[in-house]
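Could you put the whole structure together from the sequences, leaning on the hints where they help?
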Amino acid sequence: MELNLSSEDAAFRDEVRAFIAGNYPAEMRVPNPETDLSKEQMLLWHRILHQKGWIAPLWPKEYGGPGWSITRRFIFEQETSRAGTLPPLAFSITMVGPVIYTFGNDAQKQKFLPRILSGEDWWCQGYSEPGSGSDLASVRTKAVREGDHYVVNGHKTWTTLAQHADWIFCLVRTDPSAKAQAGISFLLIDMKSPGVTVRPIITIDGSHEVNDVFLEDVRVPAENLIGEENKGWTYAKFLLGNERTSMAGIGRSTRYLGRLKHIVKTELGEDDPMFGEFIKEIARVELDVLALEATELRIVAQMSRGIDPGPAASLFKIRGTEIFQRITDLTHQAIGNYGLAIREHPVSANRFMPGQDYGHTASEKYLNSRKLSIYGGSNEIQRNIIAKAVLGL
Amino acid sequence: MDIQLTEEQELLRSSIQRFLREQYDFDARRKIVATDEGWSRKHWSAFAELGLCAAPFQESSGGLGGGSLATMIVMQEFGRNLVVEPYFETVVLAGGLIENVGSPEQREALLPDIMDGSAIWTLAWAEGQSRYDFNNVATTARRQGDKFVLSGAKAAVIGAPWADKLIISARTSGSPRDRDGVSLFVVDQHSANLHLQDFKTIDGRRAAELTLMDVQVPADRLLGAEGGGVAALEACRDRAIAALCAEAVGAMSVLNSATLEYSKARKQFGVALGTFQVLQHRMVDMFIALEEAVSLTQHLNLSLAAREPNGSKLASGTKSKVGYAARFVAEQAVQLHGGMGMSDELNVGHYFKRISSINIQFGDPAYHLMRYAQQS
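Protein sequences appear in the order of chains G and B.
Sequential numbering from 1 applies to the first sequence in my numbering.
Sequential numbering from 1001 applies to the second sequence in my numbering.
It should be emphasised that the hints constitute simulated quantities derived from the structure, not laboratory data.
All figures in this text were calculated on a predicted structure; none of them were measured in a lab.
Each residue gets a CB set at the ideal place from its N, CA and C atoms; glycine is no exception.
Be careful, since some hints might not be right.
Which chain B residues face chain G? A few, computed with CB under 10 Å, are given here [stated by the list, open to error]:
1. 1133
2. 1158
3. 1197
4. 1200
5. 1205
6. 1268
7. 1276
8. 1327
9. 1337
10. 1343
11. 1346
12. 1352
13. 1353
14. 1369
15. 1370
Put into structure tokens, the structure is as follows:
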């Protein structure tokens, strides 16, 4: 499905396509880019996009954004995801960057934004805590002001790719007497500070994406506070809005559906009675993708007319994640007995994996994608948001 | 239809439960899986001493005569504790085949080592292209004097790296998809020209791809009628499904109680998770899924024990229904545990993975739904 593009926008789309085809690094085309690439490899495409001036489509021009219209941003997102490129680190580009240029002071903008754009600084997100789950406002990590520093103590968890991070943006409690959302501040912490410890969490697919981050008497310069003390919740919510709209994942789902069809056609002959069953299930998911894509295009058209989709963005998180989970489930089923096998992490080409190459990541993808309906605000929470904020229930 | 266990069956269950409680908690199991071998001979010997390996076999074969209900009891407890030792492969699959289609000489020669725990077995029926169809066999066995010579490849054989002996299906006549012409052979794992490529399974076991390049097998190692392997495997699958469903039920029951407990203890937004109606209803559905799975699994095991007709259709129906139920319970247990459910440290994810594996072994729920429909 396509937007009705003006000839200029169509030319832009062709330019993006050609740029990806000509520049996406071959060494980033590995079976599972999310787990198989080193930090340096992950940054290759980031640096190429930075050089081109395309690294931060969302950002205003004055901070280094390309100054694209909503339509062009959407085209870029669509083309890069259809082509299966690894998106630049969201914690840096989509999350903390916009918070800094929206709520930060000039010194913070000058210090952090160029290094985010260049890929010099890798950011991770210090929101979740062991007791918090989807209830982010229950932050217990404490920051106590001592002169021109905050002293931070606490435990952040599920911190994605913290093992690579130079900086972490944290929600911390600065006013213990205030209720829930009040009393939270938004603090930027250098991961090299004494007292910061990262401990890997291995997930059920065997990979190491997430971590515990322990903060023990970490001294953070007060100049690293974003905006006002105790107003952090406002900035956090702003950031979460950015997180959810990018979760429809149409390009990725479309790509994985194409692969699934290829697997089914290779694995099952058309005379196999299960062939028809698979084709029906695939068609069902394809229609789900089509409907979500049409919804996305409708919202993009509304946004370019200045209408804010607001909490309806939760719809994309719910359906986008459910669709992708179903695709990984069907792919796992499509490879039959070989769904029993799983790659060992860290991944090495020397370890034997049975069956066709296309099936080698099916098990880990199925297992790993269970997280999608949990993180970024569980799908139950997203439904509550729609019930309350959209339906008024 | 609720099964009232006999005193003997109760004794069997409580002795397994006691042993597993003392020797096979989640930490012990984790350590076993992490060893080079990936299973524990010491625990295996203890299972044999408890009589588990002899439990289902007929008394005339030297067994304890417990039949499919004994298997059900064992597998359910193994499912509750995620036991990785190859009981299913050795006793249910290989032992069952030998007892059911083996000659009196073969039963006499092979079963005692299975029943006393001294031999580990597995069954190699699948091939790269076969999916879940027993008739889809390209591996060949050609007669050469007093031997058969086997050539081809077998796929995803769970427990093959651990096994002393394998039962391998190979074609003695007909073309690759014929129902007739598939035969079963007993093959030593260390046979010349039999090559194994090992890999790990999602549920922490070891499996292998087998390559057979003219493996010589004495003619008296033919198991059951020449060319009649598919029927033997189908009956074996019915017993396998009854055992796997019992294991799934054991795993589901742990997941349900863990989730229930967690939802009462875990606080979100100032209240216990379990106070949210959407999660209450989810857990009610998990409860219903388990109840239905228990009932169907008992029904299947009773039918097999009584050798009722249509057992195979019921087996497929049960594999499908219990498979979907187990997957629902497993996925929701992970979901309701939130991030913790995704962590390798917590047991929940390991039950999820065992259930995912059970759903592949001998055919997934969609395959068996189709098979059930075809027989209706």
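Holds or violated: residue 1205(B) as interface residue toward chain G, Cβ cutoff 10 Å?
holds, 8 Å
Less than 10 Å between beta-carbons is the criterion; does residue 1346(B) satisfy it with respect to chain G?
holds, 9 Å
With chain G as the partner, please determine if residue 1343(B) meets the hint condition of a C-beta pair closer than 10 Å.
Residue 1343(B) check passes; min Cβ-Cβ to chain G is 6 Å, inside 10 Å.
Hint check, residue 1133(B) versus chain G [nearest Cβ-Cβ separation less than 10 Å]
Holds - the Cβ of residue 1133(B) comes within 10 Å of chain G, reaching about 9 Å at its closest.
The hint names residue 1353(B) as touching chain G; please verify it with the least Cβ-Cβ distance against 10 Å.
holds, 6 Å
Min Cβ distance, residue 1370(B) to chain G: is it shorter than 10 Å?
The hint holds - residue 1370(B) has a Cβ within 10 Å of chain G, the shortest such distance being about 6 Å.
When the nearest CB of chain G is found for residue 1337(B), is that gap smaller than 10 Å?
Holds, about 9 Å.
Interface hint status, residue 1369(B) versus chain G (Cβ within 10 Å):
holds, 8 Å
Minimum beta-carbon distance criterion (10 Å), residue 1158(B) to chain G
holds, 7 Å
Chain G contact restraint for residue 1327(B) - C-beta distance below 10 Å
Hint holds; residue 1327(B) Cβ to chain G Cβ min 9 Å, cut 10 Å.
Can the hint on residue 1276(B) be confirmed by a CB-to-CB distance to chain G that is less than 10 Å?
Hint on residue 1276(B): holds, closest Cβ of chain G at ~8 Å, below 10 Å.
When the least beta-carbon distance from residue 1200(B) to chain G is tested against 10 Å, hint result:
Constraint on residue 1200(B) satisfied, holds at 6 Å.
Checked against the numbered hints above, the structure violates none of them.
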